[in-house]
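For the record, the sequence lines run as chains V and G. Under the working numbering, think of the first position of the first sequence as 1, with each following residue one higher. Under the working numbering, think of the first position of the second sequence as 1001, with each following residue one higher.
For the record, the hints were derived by calculation from the structure and aren't laboratory data. Fair warning: there could be bad hints in the mix.
List time: in silico DSBU-like cross-link candidates among lysine-lysine, alpha-carbon distance up to 35 Å [unchecked claim]: (1) 257/V <-> 1270/G; (2) 232/V <-> 1059/G; (3) 232/V <-> 1029/G; (4) 1181/G <-> 1229/G; (5) 1298/G <-> 257/V; (6) 232/V <-> 1195/G; (7) 163/V <-> 1195/G; (8) 1229/G <-> 113/V.
What the simulated footprint calls covered on chain V by chain G, stretch by stretch (three residues with Cβ under 8 Å from a Cβ of chain G suffice, anywhere in the stretch; the number is not a length) [to be verified]: (9) 70–82; (10) 237–248.
Idealized CB from N, CA, C, for every residue including glycine.
Next come the chains, spelled out residue by residue.
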Amino acid sequence: MKIVVAVKQVPERDAVVRVAADGRGLDERDVTWTMNEPDAYALEEALQLKERAGEAEVVVLCAGPERVQSTLREALAKGADRAVHVVTPESGAGSLGERDSLDVARLLAEAVKAEAADLVLTGLQSDDLGAGQTGVVMAELLGVPHATLVLQVELLGNGIKVKRELEDGWMQQVEMPLPALLTVQSGGNRLRYATLMGIKRARQKEMREVSAAAAAKRVDEVVKVSPPTRVKRTEMLTGSADEIAATLVERLRFEVKVL
Amino acid sequence: MSNGVLVVLETKGAGWHRMSFEALAAGQKLAADMGGACSAAVLGEAAAIAPLAAELATKRLATVWMVGDALLAQYTADGWIAALAQLIAEVKPKYVVLPHTYQVRDFAPALATRMGEVLIGDVTAIQVAVAADGPVFVRQWMQGKLNAEYRHGGDGGVCFVSVQAGSFRGDAVESGASEVKTFAPTLEAAKIRTKPGEAFREAAQTVDLSSAPVIVSVGRGIGEQENLKLVEALATALGAEIAASRPICDAGWLPMERQVGSSGQTVAPKLYLAVGISGAIQHLVGMKGAKTVIAINKDADAPIFEVADIGVVGDLFEVVPALTKAIEGAARG
Ligand SMILES: Cc1cc2nc3c(=O)[nH]c(=O)nc-3n(C[C@H](O)[C@H](O)[C@H](O)COP(=O)(O)OP(=O)(O)OC[C@H]3O[C@@H](n4cnc5c(N)ncnc54)[C@H](O)[C@@H]3O)c2cc1C
Ligand SMILES: Nc1ncnc2c1ncn2[C@@H]1O[C@H](COP(=O)(O)O)[C@@H](O)[C@H]1O
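Given the sequences, and given the hints that come with them, work out the whole structure.
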């Protein structure tokens, strides 16, 4: 059984968010990068599937510039067997920022086809673009069934059964044949940390670079990026912690009336 | 149907998903701004959706499309994509508007792909300055820290848009009279590859946050499980229930039933005190109904401050203990 996990590298959660000079993207200069959180859960599910199945190969896949190799290495250190890096330019034509979701999904789907995977896992959504589409688009391009918001995967004789999240705390089981694609929601498992041994081993593991196809014409276009303007006037309290606490107590007593 | 809008509504049980009418309001507005007509579609088993289609017939729409088939009795991506691709080929809208529900996340990107398009998803606003220039769609990047404006640049193809929960007002839907037409898609059971089970809930809820008058809610800013006792002390002082954002429950620091948000509980307390929570939309939808929101966050640009009545920009490790002490003091005094 071969499992491909698409992991995306995204800015750290407390990264400084600034608009790029051209006003159409994120200024990446001072950004520190990390693995997209749901993708870490997708990887965890793949590693646990491998442990349960006894035998499987877990391949991690990422499209992006040189920097994404640190995220792929991290996945290798956690236990993935090998990595495929679809190399795109840092900026300008062909870079991730110039491609729409369909085009990025095409790059990833091409790489998956070359691997002939039984199961493809992605995160359900990226923390930076929040598109929540790449996995579902890949499934369509690959012609395989899919499920989204998946928390757990169970191997059946001739397919899989997954537990997926619905709204408001409801769940659902869905069965489907393999090959299939699943987009994974956070929280299905506890995440493992890379061990020192894992980090050492990762250095020996294969990191295959493939060059990305030229970008297709975008279907959608990003015309402007800006910080949001506040809609509601929030009253901001300032001062020392004790002063703030005293003001809050007043308000809680006389306005909110909970004290 | 030049500049026509087709809104795809979602059902829940025998009625509507609460976001369906928000999408309908967005679709009607877009159609009016662009000088086109707005139609709506509802999918399901014919008998089940007939009363819903009849309800839609009282709205200001060109046509209500009743897309009925036994294979649409239960949602599957394969069924929905096939049926909608056929309907869109027939109706030829310029815009397809959907509510950004979990179900729409599941099929709309693939439906757009099948038509060589890209879904502009989770849109918070649609702006039309001049109809000839087309609409601008606003989406959030970086979990709400940036707004990105999108245009559909496709070569005359269909533009797929889904709208974020709460961004449009369902009660703004305009009434009128419209014609109901049935559309019978050609579906094959063999082409529906997934077998969905019934919806279920994991375990009986032991806490009911929905009726709690005061909630102290904790997010990832708390850093470590060990630090939870700080907010627990605050909750005790306030006589509040404790709740959390998703990452806290994902990590197992608090049980899942204390999670507030789109995949957790919806709460409407007198006071919601958010500690170290950034305010991602999936969290906000669960607590927007609170009467008063107080947020403590070290990042002045955190989106939580957009829904907060009172904001404290500061380190929770200083503010929370000070507040706990002050409340305890006030209770004694
Ligand atoms: C389909 C889907 C469903 C989801 N469902 C839910 C849901 O039901 N509920 C939910 O909550 N989320 C849900 N999420 C996740 C959601 O998108 C966010 O990732 C999540 O809400 C973020 O949680 P957080 O605010 O605790 O963490 P973060 O976004 O990491 O924010 C932490 C905050 O703490 C602040 N902070 C850090 N240190 C300090 C300090 N010392 N003092 C003060 N402030 C500090 C930071 O400035 C930051 O704003 C869902 C996501 C998806 C895609
Ligand atoms: N450049 C990329 N490289 C690898 N995986 C990606 C990339 N972009 C998106 N993905 C995958 O697709 C998921 C959804 O991303 P998005 O559609 O951007 O929200 C992510 O969680 C990743 O698993």
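Going down the list of hints, with the structure as the test:
no.	hint	result
1	257/V <-> 1270/G	9 Å, holds
2	232/V <-> 1059/G	31 Å, holds
3	232/V <-> 1029/G	23 Å, holds
4	1181/G <-> 1229/G	59 Å, violated
5	1298/G <-> 257/V	26 Å, holds
6	232/V <-> 1195/G	45 Å, violated
7	163/V <-> 1195/G	12 Å, holds
8	1229/G <-> 113/V	50 Å, violated
9	70–82	violated (count 0)
10	237–248	holds (count 8)
When the structure is compared with the earlier hints, violations turn up for hints 4, 6, 8 and 9 and for no others.
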